[in-house]
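All chains, full assembly: derive it from the sequences and hints.
In order, the protein sequences belong to chains A and B.
Here the numbering used here is used: the first residue of the first sequence is 1, the next is one more, and so on.
Here the numbering used here is used: the first residue of the second sequence is 1, the next is one more, and so on.
These aren't lab readings, by the way, just hints derived from the structure by calculation.
Careful, some of the hints might be misleading.
Claimed, not checked - Only pairs whose alpha carbons sit at most 30 angstroms apart, straight line, appear in this in silico DSS-like list of lysine-lysine:
(1) A:Lys57 to B:Lys42
(2) B:Lys22 to B:Lys58
(3) B:Lys58 to B:Lys71
(4) A:Lys9 to B:Lys42
(5) A:Lys14 to B:Lys106
(6) B:Lys42 to B:Lys58
(7) B:Lys106 to A:Lys9
(8) A:Lys57 to B:Lys106
(9) B:Lys22 to B:Lys42
(10) B:Lys22 to B:Lys106
(11) B:Lys58 to A:Lys57
(12) A:Lys71 to A:Lys57
Unchecked claim - Quick look at which bits of chain A chain B covers, simulated, 3 or more residues with Cβ under 8 angstroms:
(13) 40 to 53
(14) 98 to 108
Where a beta carbon is used, it is the ideal one built from N, C-alpha and C, also for glycine.
Spelled out from the first residue to the last, the chains are:
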Amino acid sequence: NAGVTQTPKFQVLKTGQSMTLQCAQDMNHNSMYWYRQDPGMGLRLIYYSASEGTTDKGEVPNGYNVSRLNKREFSLRLESAAPSQTSVYFCASSEWAYNEQFFGPGTRLTVL
Amino acid sequence: GENVEQHPSTLSVQEGDSAVIKCTYSDSASNYFPWYKQELGKGPQLIIDIRSNVGEKKDQRIAVTLNKTAKHFSLHITETQPEDSAVYFCALRSANQAGTALIFGKGTTLSVSS
Chain A
1 NAGVTQTPKF QVLKTGQSMT LQCAQDMNHN SMYWYRQDPG MGLRLIYYSA SEGTTDKGEV
61 PNGYNVSRLN KREFSLRLES AAPSQTSVYF CASSEWAYNE QFFGPGTRLT VL
Chain B
1 GENVEQHPST LSVQEGDSAV IKCTYSDSAS NYFPWYKQEL GKGPQLIIDI RSNVGEKKDQ
61 RIAVTLNKTA KHFSLHITET QPEDSAVYFC ALRSANQAGT ALIFGKGTTL SVSS
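What follows is the structure in structure tokens.
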């Protein structure tokens with residue numbers, strides 16, 4: 001089992017460009033999450049999907065959209081990237097919403 | 001919303017010493033307290049967790065204690081080894097929060113020197 005996988009690992013964007021971060025899990029988990037991690041900060045929740053077909057905003061959702069494509073995949077989209085979105089993005093999944101969360105390796109995004 | 005204060009932000013110990021990291025919170029409805037270890041270039045990994053109906057939990061060299069009255073919980077690592085060097089995050093989940101979000105502390109960088 002690969003666990004939680006994320007693509008790409010690194011990305012550089014110019015201000016105003018758009019992109020989609022991909023996340024997939026092979027653990028048959030129902031819940032999936034997107035976090036961002038900034039220097040000196042903990043992880044902050046952007047969006048989550050408690051189960052297939054549902055998505056909800058987290059602490060810092062502005063500037064992002066998500067899609068729960070199916071049970072395995074949960075994507076994060078930046079429609080018009082801004083330098084403030086420079087961060088490391090982590091996807092996570094859990095069997096159900098109140099279980100242990102497993103994290104992917106992260107995507108390091110730089111917006112110039 | 002809920003906030004988690006984590007201290008210290010950096011901790012340097014000699015191999016074999018103990019390390020203690022403490023987190024404080026304000027929401028008395030918090031009921032789940034995990035600790036994550038993040039190695040350089042990797043995602044966080046759960047190392048131990050505790051629920052609000054338990055005061056202490058141990059797993060080999062790692063233990064977590066919870067004081068619900070004082071609203072703090074701590075990670076204890078005994079007989080530290082160089083491979084324990086990493087960033088450690090505390091987190092919590094509150095029954096008052098919509099959804100199931102984890103709230104994270106800002107992290108402690110632990111350095112174990114041999």
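Inset, instruction - Kindly indicate which numbered hints from before are broken by the structure, ordering the numbers from low to high. - result: Of the numbered hints, just 11 does not hold.
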